[in-house]
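The whole structure should be built from the sequences, with the hints applied where relevant.
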Amino acid sequence: MDADIFREMFPSDYIKRFLEKNVRIDGRQFKQPRQIVIEFGEGLTNYQYADCFISVKHVIREIELKEVDLNQCIRLSIIMDNQEELSNIDKVRIEKHYLNQIYDVVLQIVDPQRLRNQNGKVQQIELYIRVAGADGSLLSHLINCVSFSLQQIKHFETQNSIVYKEIKCQTFAVFEDQIFTDPSDFEEKNSSVISVIHIQGDEQFILKKHDGKPLNYNLIQQVIQLF
Numbered sequence: 001m002d003a004d005i006f007r008e009m010f011p012s013d014y015i016k017r018f019l020e021k022n023v024r025i026d027g028r029q030f031k032q033p034r035q036i037v038i039e040f041g042e043g044l045t046n047y048q049y050a051d052c053f054i055s056v057k058h059v060i061r062e063i064e065l066k067e068v069d070l071n072q073c074i075r076l077s078i079i080m081d082n083q084e085e086l087s088n089i090d091k092v093r094i095e096k097h098y099l100n101q102i103y104d105v106v107l108q109i110v111d112p113q114r115l116r117n118q119n120g121k122v123q124q125i126e127l128y129i130r131v132a133g134a135d136g137s138l139l140s141h142l143i144n145c146v147s148f149s150l151q152q153i154k155h156f157e158t159q160n161s162i163v164y165k166e167i168k169c170q171t172f173a174v175f176e177d178q179i180f181t182d183p184s185d186f187e188e189k190n191s192s193v194i195s196v197i198h199i200q201g202d203e204q205f206i207l208k209k210h211d212g213k214p215l216n217y218n219l220i221q222q223v224i225q226l227f
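Counting in my numbering, the sequence shown runs from 1 upward without gaps.
Below, a list of computed lysine-lysine pairs in the DSSO-like style, where the Cα atoms sit at most 27 Å apart:
#1 96 x 57
#2 91 x 57
#3 57 x 121
#4 66 x 121
So the derived label-pair ranges between C-beta atoms look like this:
#5 62 x 103: 17 to 27 Å
#6 58 x 91: 15 to 25 Å
#7 67 x 109: 18 to 28 Å
To be clear, the hints were calculated from the coordinates, so they are not data collected in a lab. Glycine included, each C-beta is placed from N, C-alpha and C at the ideal position.
Now the structure itself:
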């Protein structure tokens, strides 16, 4: 079943597009705006930044437990399509490393006591994570995407929303979850923006825009909470 879910998450053209690129993990040079795009909807959270594409699908089930056991309440699976050049043993080791890091973040976000329903059953959250392409701050991007996916469970069950981050400058460096730019390279003042586009039915409109601020998880969370 897991394999079927993973196959559904990434269209084949996404994998081809991101795996065929010549990926440089830092010191990128570009003239056109780059975007971080985070898409919510249909149980999926898609996170795209430069040559890195992450997709997280969440599935919620009800299981019967006498006591809330977090190990049974939360399941994580990951496939990293950007590790094809490695042996299967090395690939499994790297995937396990990322899963352990992500699991620690999930523990900080999810309160297992809140997963118990009134009927005595427990909600089990399953996260399926798939990665194409690569980036020097892949772990930070993974943590962001998983965090947004968990927030979607709380806030976006009936909504589709997209968060855009656009950078218009010649050079930048990535450190953890922040993007640092050289102000002298800005094409115009406050050229770095975050906007949230809310899609409901056939309507699409911008809810909020933040100018001239670096992207980090907390800032986007402030925007999301405005819903």
